[in-house]
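If you read the protein sequences in the order shown, they are chains A and B. The number in this note's numbering is simply the position in the first sequence, starting from 1, with 3 added. The number in this note's numbering is simply the position in the second sequence, starting from 1, with 3 added.
It is worth saying that the hints were derived from the structure and are not from the lab. Beta carbons are placed, not taken as given, at the ideal position from N, Cα and C, and that holds for glycine. Be aware that a few hints might be false.
Stretch by stretch, here's where chain A covers chain B in the computed footprint (C-beta under 8 Å, at least three residues) [claimed, not checked]: (1) 160-172; (2) 176-188; (3) 207-214.
Each pair of labels, with its calculated beta carbon distance range [what the hints assert, rightly or not]: (4) B:Arg25 to A:Leu224: 49 to 57 Å; (5) A:Thr99 to B:Ala132: 56 to 64 Å; (6) A:Met139 to B:Val121: 51 to 59 Å.
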Amino acid sequence: MALRKDGWLWALGLLSFAGILVAGYLALVWAPPAEGFVGQAELAQRIFYFHVPAAWTGFLAFFVTFVASVAYLWKGGRKWDILAASSAEIGLVFTTMVVVTGPIWAKPTWGVWWTWSDPKLVTAAILWLIYFGYMMLRRMVEDDARRARFAAVLGIIGFADVPIVFGAARWWGQSVAHPIVVSGGGFDVAPRMLTVLMFSLAVFTLMYIVILTLRVRTEHLVDEVEALKTRE
Amino acid sequence: MNFLRKVAAVAWKDLRAEWRTREVFSAMFVFALLIIIIFNFALELRAENARVLVPGILWVAFTFSGMLGLNRSFIQEKDRGSLEGLLLCPVDRSAIYLGKMLANSALMALVAVFILPVSFVLFNLSFGALPMIVVVTALGTVGFAGVGTLFSAMAVNTRAREVMLPLLLFPVAVPLIIAAVKLTAGIMDGLPAAELARWWQLLIGFDAIFFTLSFMTFDYVIEE
Numbered sequence: 004m005a006l007r008k009d010g011w012l013w014a015l016g017l018l019s020f021a022g023i024l025v026a027g028y029l030a031l032v033w034a035p036p037a038e039g040f041v042g043q044a045e046l047a048q049r050i051f052y053f054h055v056p057a058a059w060t061g062f063l064a065f066f067v068t069f070v071a072s073v074a075y076l077w078k079g080g081r082k083w084d085i086l087a088a089s090s091a092e093i094g095l096v097f098t099t100m101v102v103v104t105g106p107i108w109a110k111p112t113w114g115v116w117w118t119w120s121d122p123k124l125v126t127a128a129i130l131w132l133i134y135f136g137y138m139m140l141r142r143m144v145e146d147d148a149r150r151a152r153f154a155a156v157l158g159i160i161g162f163a164d165v166p167i168v169f170g171a172a173r174w175w176g177q178s179v180a181h182p183i184v185v186s187g188g189g190f191d192v193a194p195r196m197l198t199v200l201m202f203s204l205a206v207f208t209l210m211y212i213v214i215l216t217l218r219v220r221t222e223h224l225v226d227e228v229e230a231l232k233t234r235e
Numbered sequence: 004m005n006f007l008r009k010v011a012a013v014a015w016k017d018l019r020a021e022w023r024t025r026e027v028f029s030a031m032f033v034f035a036l037l038i039i040i041i042f043n044f045a046l047e048l049r050a051e052n053a054r055v056l057v058p059g060i061l062w063v064a065f066t067f068s069g070m071l072g073l074n075r076s077f078i079q080e081k082d083r084g085s086l087e088g089l090l091l092c093p094v095d096r097s098a099i100y101l102g103k104m105l106a107n108s109a110l111m112a113l114v115a116v117f118i119l120p121v122s123f124v125l126f127n128l129s130f131g132a133l134p135m136i137v138v139v140t141a142l143g144t145v146g147f148a149g150v151g152t153l154f155s156a157m158a159v160n161t162r163a164r165e166v167m168l169p170l171l172l173f174p175v176a177v178p179l180i181i182a183a184v185k186l187t188a189g190i191m192d193g194l195p196a197a198e199l200a201r202w203w204q205l206l207i208g209f210d211a212i213f214f215t216l217s218f219m220t221f222d223y224v225i226e227e
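Chain A on its own, in the form it takes in the complex (with noise of 0.2 Å):
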């Protein structure tokens, strides 16, 4: 019955499930070693096709929760607050990935975790921070329209600082240590690390688009749960 109602979703799950074990194959066998990487560095330099995805796909939820913000203060209706709430969620399950995995791949190529003249490592972390406290306030705020007010000002506000402080954290940084993969000319590696990348990154987008329907599916079958309650 579940099956059949939700069978797109079903089958977008199970192809999301399915790329990002193909994904992992792909990227720890399948692509070639990267030039100018050595030992345990080379093996590190892998992770690249999950840290980029997972920043691109953090990056993307934002800008939704974004959108649902200033959708919700021009037009309102919960189901702009959900939305923001659900992308802003998973945005931060993504953000931690790409906090995580970037000291894992730093330390044997750059000798240290983490560097302060990097201004994407700045730049994530911040983020990760402001999306976290955006979590927190939800959490604080007892009433349903004031905290999804309260959020999407946030939304807003948290978003608009995301460019600032990158130029920011660009211009305080030294020298900029992270590897330059996208530049002026068109991609920067090898055509089969790219088609790696590339499949990588449809599979973490597919993922988000099916984790975030499924969360907001979620958040609606609570506001039903708690209609009928108030109704008894």
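Take the given structure of chain A and dock chain B to it, following the hints.
Just chain B now, kept in the frame of chain A:
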């Protein structure tokens, strides 16, 4: 009454209430002083490295003590039950925001007025750099209080109240703190103006962007 007079009335009300007790200012000032003293021992400042650390210490003192003031700004209104009265006044919500923000900036600036000379004496710095550092402090204060006033109005309506404000404000204020510290350090070191131009841009840009956003969204935060 035109808009600016309403703004001035709100700011004046806050500053006058503060002047009668001077509670918040005293707390902020002593806290800022304590930060400088604690850092002095925690980092074992000696003559040769004091200069390097002073800009950072100053901005920790300004922002952390500012946090105290920002928190009190709405908590006092809430506890006295005067927030409803303020909201019932025939003024725009944006006038309330501007008034509160000006009062908060003024309070932070006043703390800085006392802390700057004291720290210049304590760390044995040359007073020649002081005028430009005052400008940086003014801009930094306005930016911090600008978005801080908005968040303070939110924090007071949460269960955790004053605990919430630093968690929300500090991550957002990171670019401001970077720019302010860089400028303070650059001015103390006597760097040429051209090298500091981008930090001025960042500081003024931050002020402008977040003031505009806070001004636009304040209505939603204070709505009852």
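Evaluated hints:
no.: 1; hint: 160-172; in the structure: holds (count 7)
no.: 2; hint: 176-188; in the structure: holds (count 5)
no.: 3; hint: 207-214; in the structure: holds (count 4)
no.: 4; hint: B:Arg25 to A:Leu224: 49 to 57 Å; in the structure: holds (54 Å)
no.: 5; hint: A:Thr99 to B:Ala132: 56 to 64 Å; in the structure: violated (42 Å)
no.: 6; hint: A:Met139 to B:Val121: 51 to 59 Å; in the structure: violated (36 Å)
Violation of the numbered hints given earlier is confined to hints 5 and 6; the remaining hints are satisfied by the structure.
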